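Trainee: Using the sequences and the accompanying hints, generate a full structural model.
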Amino acid sequence: MSFPNPAKAVKLVLLGEAAVGKSSLVLRFVSNDFQENKEPTIGAAFLTQKCTIGDKTIKYEIWDTAGQERFASLAPMYYRNAQAALVVYDITKPASFLKARHWVKELHEQASKDITIALVGNKYDLVEDENDGDTLRKVSVEEGQKLAEDEGLLFFETSAKTSYNVNEVFVGIGTKIPESSAPTGVQQAGNEAGRIDLTTGAASTTQQTSGCC
Amino acid sequence: MGKKKQEMSQVYNSNNEFIFGEKGGKGKNLSTFLKNLSLTTSPSQPQSEFNEANSNIYGSLSYSNPNTNEISRSNPSLARRASPKRSLSGPTNMSFAHSLTPTASEALRTNSPTRTKRVVSAKYADLDDDWDANFDDARVDTDMPSVRREGFGNTFLDPSPMLDSLYPDLTIPAGTKEPVKDSIDLEDMKIKLEINKLNQLNTKFLKFKALLTQSSNINLQELRKLSWNGIPSNLRAISWQILLGYLPTNKSRQSATLKIKRQEYLDGINSSSLNLNRDKQIYHQIKIDVKRTNPTVKLYGHPEVQKSLRKILYFWAIRHPASGYVQGINDLVTPFFQIFLTNYIWQLQPLLNDPQLFNYNLHNLDPTQISSRVLSIIEADTYWCLSRLLETITDNYIHQQPGILKQVSDLKNLISKIDIDLIHHFEQENIEFLQFAFRWMNCLLMRELSIDLIIRMWDTYLSESPLGFSNFHIYVCAAFLIKFSSDLKQKDFQEIILFLQNPPTSHWTDKDIELMLSEAFIWSSLYKNASAHLR
Numbered sequence: 001m002s003f004p005n006p007a008k009a010v011k012l013v014l015l016g017e018a019a020v021g022k023s024s025l026v027l028r029f030v031s032n033d034f035q036e037n038k039e040p041t042i043g044a045a046f047l048t049q050k051c052t053i054g055d056k057t058i059k060y061e062i063w064d065t066a067g068q069e070r071f072a073s074l075a076p077m078y079y080r081n082a083q084a085a086l087v088v089y090d091i092t093k094p095a096s097f098l099k100a101r102h103w104v105k106e107l108h109e110q111a112s113k114d115i116t117i118a119l120v121g122n123k124y125d126l127v128e129d130e131n132d133g134d135t136l137r138k139v140s141v142e143e144g145q146k147l148a149e150d151e152g153l154l155f156f157e158t159s160a161k162t163s164y165n166v167n168e169v170f171v172g173i174g175t176k177i178p179e180s181s182a183p184t185g186v187q188q189a190g191n192e193a194g195r196i197d198l199t200t201g202a203a204s205t206t207q208q209t210s211g212c213c
Numbered sequence: 001m002g003k004k005k006q007e008m009s010q011v012y013n014s015n016n017e018f019i020f021g022e023k024g025g026k027g028k029n030l031s032t033f034l035k036n037l038s039l040t041t042s043p044s045q046p047q048s049e050f051n052e053a054n055s056n057i058y059g060s061l062s063y064s065n066p067n068t069n070e071i072s073r074s075n076p077s078l079a080r081r082a083s084p085k086r087s088l089s090g091p092t093n094m095s096f097a098h099s100l101t102p103t104a105s106e107a108l109r110t111n112s113p114t115r116t117k118r119v120v121s122a123k124y125a126d127l128d129d130d131w132d133a134n135f136d137d138a139r140v141d142t143d144m145p146s147v148r149r150e151g152f153g154n155t156f157l158d159p160s161p162m163l164d165s166l167y168p169d170l171t172i173p174a175g176t177k178e179p180v181k182d183s184i185d186l187e188d189m190k191i192k193l194e195i196n197k198l199n200q201l202n203t204k205f206l207k208f209k210a211l212l213t214q215s216s217n218i219n220l221q222e223l224r225k226l227s228w229n230g231i232p233s234n235l236r237a238i239s240w241q242i243l244l245g246y247l248p249t250n251k252s253r254q255s256a257t258l259k260i261k262r263q264e265y266l267d268g269i270n271s272s273s274l275n276l277n278r279d280k281q282i283y284h285q286i287k288i289d290v291k292r293t294n295p296t297v298k299l300y301g302h303p304e305v306q307k308s309l310r311k312i313l314y315f316w317a318i319r320h321p322a323s324g325y326v327q328g329i330n331d332l333v334t335p336f337f338q339i340f341l342t343n344y345i346w347q348l349q350p351l352l353n354d355p356q357l358f359n360y361n362l363h364n365l366d367p368t369q370i371s372s373r374v375l376s377i378i379e380a381d382t383y384w385c386l387s388r389l390l391e392t393i394t395d396n397y398i399h400q401q402p403g404i405l406k407q408v409s410d411l412k413n414l415i416s417k418i419d420i421d422l423i424h425h426f427e428q429e430n431i432e433f434l435q436f437a438f439r440w441m442n443c444l445l446m447r448e449l450s451i452d453l454i455i456r457m458w459d460t461y462l463s464e465s466p467l468g469f470s471n472f473h474i475y476v477c478a479a480f481l482i483k484f485s486s487d488l489k490q491k492d493f494q495e496i497i498l499f500l501q502n503p504p505t506s507h508w509t510d511k512d513i514e515l516m517l518s519e520a521f522i523w524s525s526l527y528k529n530a531s532a533h534l535r
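If you're matching them up, the sequences are chains F and S in order. Sequential numbering of the first sequence, starting at 1, is according to the numbering used here. Sequential numbering of the second sequence, starting at 1, is according to the numbering used here.
By construction, these hints were calculated from the structure, which means they are not laboratory data. You may find that some hints are simply not true.
[Unchecked claim] Listed below are the simulated DMTMM-like cross-link pairs for lysine to aspartate or glutamate, each with C-alpha atoms no more than 25 Å apart in a straight line:
1. S:298 <-> F:33
2. S:204 <-> S:452
3. F:56 <-> S:366
4. F:50 <-> S:492
5. S:280 <-> F:36
6. S:280 <-> F:142
7. F:176 <-> F:142
8. S:291 <-> F:142
9. F:93 <-> S:279
10. S:307 <-> F:39
11. S:406 <-> F:69
12. S:307 <-> F:33
13. S:291 <-> F:33
14. F:59 <-> S:492
15. F:8 <-> S:429
16. S:287 <-> F:39
17. S:287 <-> F:142
18. F:59 <-> S:495
19. F:38 <-> S:366
20. S:298 <-> F:39
21. F:138 <-> S:222
22. F:50 <-> S:495
Every value quoted in this text rests on a predicted model; they were computed, and no experiment measured them.
Mentor: Listed below in structure tokens is the structure:
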């Protein structure tokens, strides 16, 4: 009657400081393309892409949000019903990592409880040929991993420019996302009654966030 | 500092105007420039001519018209002394008119109803008294004599006896088909339509020019009325500056005002750059965004232009701490910058007698040729005009952007009055207006329409009183959305969002914009009382 593996719709939102490469990651994933000076996203941009993982097909419905602080009040509209989130920072910009912590905290507090989050350190191309000495890298792999472990996030370092690790992010999300997670249209906005322990845990490990811009 | 100030003051010293200069270095004065670049066959071009051209905003009106350009080239003394009226009676105008006449009279002889309609719908502005007698004569003898006097729009559909006999095809009822004759006619037709268009443009230009030059105090109401329907490109810079209240309508005050304002900008820039560290983050954001402003237009890739934009945006941001720099403002600065820049280039054309200069446009212009002083003038004008615009939408860029939220909700209310079915369809598909209209407000449709169309749109916005960027823009957005209404009603959530994210406007022309503006105007009149809350 129906296909054995109908594409499962997954609503995914990208969050992160301005100019860390959110739109570029999506452009790489959706069109396998890269633009050097992509104009800043205003509000949010919507894109879709299908992704086959093993025997299941996922259709990502992606909201790529604007990064500038001034637009932050719009973000809840986009992550409200999201089943997955990419929190992106620039591994050469420490401030963007602080901002990432802030977003992780906000997602744990405000978004759907079973949201799958991946922490993504972008612009790996800027550091890949460097030795450990004088480097553009300002956020270490360990710092990223630590945050991911503490918060229960997937973690990747990527380059939208060279496409390094980009597909892996989406495959990783698709693999981890709970099977029971309802498709976008059906999911309710206010379904988070319990499971407070996760939130409090998240809050306690992200004390620094108040200091970020 | 003292030295700097003195240097800057030279910008305004009309006897020593610097135009082009090597990158970042000292400018060169006109004659040096001419010699060095061998751009002219008459290096003796009198300096005084340039001074006059420079009279108010580094250029007076008398040099802007292609026709008068011709005059000044062929007969500099005429141009120098000419009152606007007299300059129009020059030989070039005559020849311009002559070149039109053989074919123009046949322009209205159409073969098919559609083409009739196109010609008919073209407006023939009443050329009344401000027409120069010579010019008139040259045209009237052979050119559509009665049509020209018929005034606007459909009024000249009334078959006056003369019109009837001269252009019988005009009076055929709509829907009547006549066989298309042959391809030569079609070619002719195109040329004739083109000529008609040029005639209209010329008429429009003369009206603007008369308004801007014939009185010591420019009639702002009149300028708004004319500008609403589009401003001739070579008078756009000055018209915009007047409409924004940056350039005084009182002409005796213009030079002094510009001098003060430009100096104020320079002083501000010079002192604010010292405090750069204080607002490092703002500057960083601006730097990133300027690099990706109009990335496909070559002009905006030039380091000099990027530097100018950074200065303008940064200075605005630190002077408006409640909003600071918000993404999207980097888009809003570009129309001003390029209009003022090209205007400056145009001012030079008749003076340098260099045919090559006519070919400079935004795509091949090398800004390194422009002296830093001139760039600073263009920057200053851009800064002040941008400030005026943003003053009318300050709430759009402050914390939580209440202005935009209100505009978006007003838009939704308006659509529910105009097209309730579309609202119902959106509700059914879970579309939220914020998802697409936020950007329409934040960037004033600059992401949806090409810059040329935006510039035309701003002619009208700037002619609205109060300026149209806040309230009138909502009606324009409504017209924009409704334009796609029947398409949208066939689409689901995803298709709607993708469609509105990339609306099919790449083939749009000024006509599409003008239609949209007219619709917006009608709705704004219609719903004025009902939506007083829009204010």
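Trainee: All hints, please: hold or fail.
Mentor: Each hint tested on the structure:
For the given pair, residue 298 of chain S sits about 21 Å from residue 33 of chain F by alpha-carbon distance, which is consistent with the 25 Å threshold. For a cut-off of 25 Å, the pair hint linking residue 204 of chain S to residue 452 of chain S stands: about 19 Å separates their Cα positions. A hinted pair counts as satisfied when its Cα atoms are at most 25 Å apart, and residue 56 of chain F with residue 366 of chain S does not qualify at roughly 55 Å. For a cut-off of 25 Å, the pair hint linking residue 50 of chain F to residue 492 of chain S stands: about 18 Å separates their Cα positions.
Restraint check for residue 280 of chain S and residue 36 of chain F: the C-alpha separation of about 23 Å stays at or below 25 Å, so the hint holds. In summary, the hint linking residue 280 of chain S to residue 142 of chain F is not supported, as the alpha carbons are separated by about 28 Å, beyond the 25 Å threshold. With a C-alpha separation of about 22 Å, the suggested pairing of residue 176 of chain F with residue 142 of chain F holds against the 25 Å cut-off. Our distance criterion of 25 Å between C-alpha atoms is broken by residue 291 of chain S and residue 142 of chain F, whose separation comes to about 32 Å.
Straight-line distance between C-alpha atoms of residue 93 of chain F and residue 279 of chain S comes to about 17 Å, which keeps the hinted pair within the 25 Å bound. Taking the CA atoms of residue 307 of chain S and residue 39 of chain F, the gap is about 17 Å. The hint holds against a cut of 25 Å. At roughly 20 Å between alpha-carbon atoms, residue 406 of chain S and residue 69 of chain F fall within 25 Å of each other, so this suggested pair holds. The suggested pairing of residue 307 of chain S with residue 33 of chain F is violated, with an alpha-carbon distance near 29 Å, which exceeds 25 Å.
Note on residue 291 of chain S and residue 33 of chain F: the hinted pairing holds, with a Cα-Cα distance of about 19 Å set against a maximum of 25 Å. This hinted pair checks out: residue 59 of chain F and residue 492 of chain S have alpha carbons roughly 16 Å apart, not beyond 25 Å. Between residue 8 of chain F and residue 429 of chain S the alpha-carbon distance is near 19 Å, which keeps this suggested pair within the 25 Å criterion. A hinted pair counts as satisfied when its Cα atoms are at most 25 Å apart, and residue 287 of chain S with residue 39 of chain F qualifies at roughly 13 Å.
At roughly 30 Å between alpha-carbon atoms, residue 287 of chain S and residue 142 of chain F are farther apart than 25 Å, so this suggested pair is violated. Between the alpha carbons of residue 59 of chain F and residue 495 of chain S the distance comes to roughly 15 Å, so the proposed pair stays at or under 25 Å and holds. Restraint check for residue 38 of chain F and residue 366 of chain S: the C-alpha separation of about 23 Å stays at or below 25 Å, so the hint holds. Pair hint residue 298 of chain S plus residue 39 of chain F holds up; C-alpha atoms about 15 Å apart against a cutoff of 25 Å.
Using a Cα cut-off of 25 Å, the hinted pair residue 138 of chain F and residue 222 of chain S is violated, with the two alpha carbons roughly 60 Å apart. The hinted pair formed by residue 50 of chain F and residue 495 of chain S meets the criterion: a straight-line CA distance of about 16 Å does not exceed 25 Å.
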